[in-house]
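Model the placement of chain B on the given structure of chain A, informed by the hints.
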Amino acid sequence: MEELLTGLEKLWSGFLGVAVFGLLIALLFFIGSRLRGRLSRPAAIVIFLGPAVILLIMGLIVPAFRTIWASTQNSSGKEFVGWANYQWIFDSQVDIIVNSILWIVITPIAATALGLTLALLLDRMRREAIAKSLIFMPMAISFVGASIIWSLVYEYRAPDKPQVGLLSQIVMWLGVDDPPKWLLWQPFNNYLLMVIMVWIQVGFAMVVLSAAIKAIPGDVVEAAELDGATGWRLFSKVTIPMIRATLIVVVTTIMFAVLKIFDIVRVMTNGNFGTQIVANEMYAQAFVQFDIGRGSALAVVLFVAVIPLIIFNVVQLRKDRATR
Amino acid sequence: MSVEAQEIPRLPEVDPLEKESIPQAARRKLSSPWASFVVILLTFVWTIPTLGLLITSLRPAADAQNSGWWTFFANPAVTWSNYSEVITGGSTIPSGITPYFFNSFAIAIPAAIFPLTIACMAAYALAWVRFKWSTVVFFTIFALQVIPLQMSLLPLLQMFNLGWNLGPIPIFPDLNRPGSEQSLLAGTYIPLWIAHTMFALPLATFLIHNFIAQLPRDLMEAARVDGASHFLIFRKIVLPLSVPAIASFAIFQFLWVWNDLLVALTFAGGTPDVAPVTAYLANIKGTYGAQLHLITAGAFIAIIVPLIVFFALQRFFVRGLLAGSVKG
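As given, the protein sequences belong to chains A and B, one line each in that order.
One point on numbering: in the working numbering, the residue at position 227 of the first sequence is 227, and numbering is uninterrupted.
One point on numbering: in the working numbering, the residue at position 218 of the second sequence is 218, and numbering is uninterrupted.
Any given hint could turn out to be false.
What the hints assert, rightly or not - Restraint ranges, calculated between C-beta atoms of paired labels, are given here: (1) B:134 / A:18: 28 to 34 angstroms; (2) A:134 / B:81: 35 to 41 angstroms; (3) B:133 / A:235: 44 to 50 angstroms.
Hints were generated in silico from the structure; no laboratory data involved.
Virtual Cβ for every residue (Gly too), placed ideally from N, Cα, C.
For reference, chain B alone in the conformation it holds in the complex:
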């Protein structure tokens, strides 16, 4: 008995945890140079292609077409003429990227704001103005994510061009100008905004609902007791408190729209009136594929905006990503 009683207080001295974990820690320290080496190698491999793009875009045409970009380090010649030709148009590529660049902003900013606003409203109703069918509606919206974009493209295009009637009831008006083949919407951003908004809603509503539903119940009830309407609560309480979720999704959606090609080609064609940079890039890649120095300059102009957004707001972006996939 006494031996046992004496042994108990001595236990911390022999602490198995510590004895075991010293070699463990040592092993970790030993293996980490290897881990670091592999990671640095992979980081290098992952960055090289983009570096090649940047360097090629800065090289004179003859250099870029007749030698690999890695020879740049032995023979460093830099020119801005590729960029000036792609920006304003020049002898090789007559139309420049500038109008498309502005189009991308004019498409992506509204196409991020619209679905966010509508999704916030829907998420609030589903989380805090509960009604008989609210769960069913929520899960239906969630489930709509499975419908691929491709299912909607043709019917939506027909709707924008020819209108859409449900029997005798016009759901979407036929906006053709009398005597012309073209819809009033042709050459505007409106079909693009509407299409992007529709396609973004399921995910946006789902993610923002997850966030809004977790706001403190007491706060909402106190506001209701004080006689605040749902509209006042939404504006004064829900929106200010949801800024982190809204910011993450806004960045996500902006990048998604900026980088989109499928919706852009379908609803904007390739004209400088409304088409974004991705359509321009796909076009010059197809037509002037051999002009590596110009295509790379165009590509760099197109990716610089998402890269700035990404590096400046990476934390929000990652948070949005994690909310979308870990909780999903």
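Chain A on its own, in the form it takes in the complex:
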């Protein structure tokens, strides 16, 4: 009963927050609509755009510069150390970088390939809705929830005991007597963690690619079939080029998500047993070790890694628009 009351109190403070926010906006609107004549247009621009611009400057632009600056400082953020933090990353944290690169390359490609396969297969099915929403469902589950779901799959028990982990049991049914301790099994534990991300992202790839395939004009496919294109040729010469832009968007969207992923590794192994990645190391340095310099340098590495992806994305989309 008491818990319910504190719960209601919590919801009440949420409601209060919304009410205060609503009042502030209403006040701004009230002031704005009182103003007439020459002032009204600039006032409208300031009131409509001001909150977003201020929040973005305070929340993203200035912090980005401060983080770049902090990455050249020592652990307490008070002394200039130049490149030392980056030197530390590239001297002693190479494994983390390699792991992150593996994540960025393998996960999006695997998820997109599976999603594309499913989208093509679903295109030939009649009752597709149920399959679609079940495969899409992991998208709604948090990374933490997904990690707990999958830790049940990877749970290890000694081979002479009854198995609890599904993967061990399947492997034993298939005739392997001594399944490994999955999460400690270097370097393959990295791939097992990636499976979780693929499991989550396939639904996204499938839904978006399925929409793109449905949007291919029927007469294009018919014309190609008339010319004798079937099966693989139809797929590689017609379907793929027609959905190229969407494919690029799907791969890069998943890449961005993977780059920033931190929850799965944190919950499953906390970066131990050779599974550490940049985003989790950044959190560990900044908020566990309280090393502001190294934490910031790792954040900058993440940021710099995004840039080539963005450039690639923009160039490809431009190319795609030019050929149409």
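Same frame as chain A, but now just chain B:
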């Protein structure tokens, strides 16, 4: 000549399209059982892990820890005690999930409303109150999506805890109580709301701008001619017409905040005062990792809300997703 003239009207009878497409259609029908089989198999594989979670959470502790969840079908024993222990706290895990569950709502609902409102306003200004720099501002906001969250965490945390001055000008006040180490904001949802709002704005503004910019120009001009102010147009025309876009993004943002762990850990710590269910789950997974029956029950409570939202409003969710990625 006459032969040719006769042949033309006969063309439909030989209709190559139809002749070719009959075997095509047959081939499709033939291949679809295979496609169905593969899809059903994959759907099964995709659903199994979640099913395992649900079943484990319903099994007695001894069963869950000493046998696989698939043996449940041979030995079906169901208990609610895992859920009651996780909900209220019990002998194994002293603190229950309940306060965190309410926290998640108190964080996620405002953190969906705030960025949406602010993004709608900004999108309207950028689309319909055009000024000299509006294109530049729009593309800058769009480009800000590339800044990873991680770049902002430390500076924002410092800002909330110590205030932030630009030279002599206080931009964000130092809210420390005199004589105490703690900021007035500690133990409130406010840093979480602000942080989530800031991080959501670039994508929200971009998506809603795409929608609002496509509203009919005549409608806006007619309203302007009738003397309606921008504020009136925004409230009476733009908002009602943008409900589909707003709904899609609201669902998206609600799920994103509900499922977030990084922002929650950074700005809320792990206390039952303000931390959401994800922080609780990460915590009990780390501390009581062997208590599979309890962790799975907690996880199921945490994922049930997004699953309900997802299945009830799937159409909006998909639409939002497509708007974000196909047009992007």
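Exercise for the section: Just tell me: holds or violated, for the beta carbon distance of residue 134 of chain A and residue 81 of chain B against 35 to 41 angstroms? Expected result: violated (29 angstroms)
Practice task
Kindly confirm whether 44 to 50 angstroms is satisfied by the beta carbon distance between residue 133 of chain B and residue 235 of chain A.
Solution key: holds (46 angstroms)
Exercise for the section: Could you tell me whether the CB distance from residue 134 of chain B to residue 18 of chain A stays inside 28 to 34 angstroms? Expected result: Once the Cβ atoms are compared, 29 angstroms apart, the range 28 to 34 angstroms for residue 18 of chain A and residue 134 of chain B holds.
Of the numbered hints listed earlier, the single one contradicted by the structure is hint 2.
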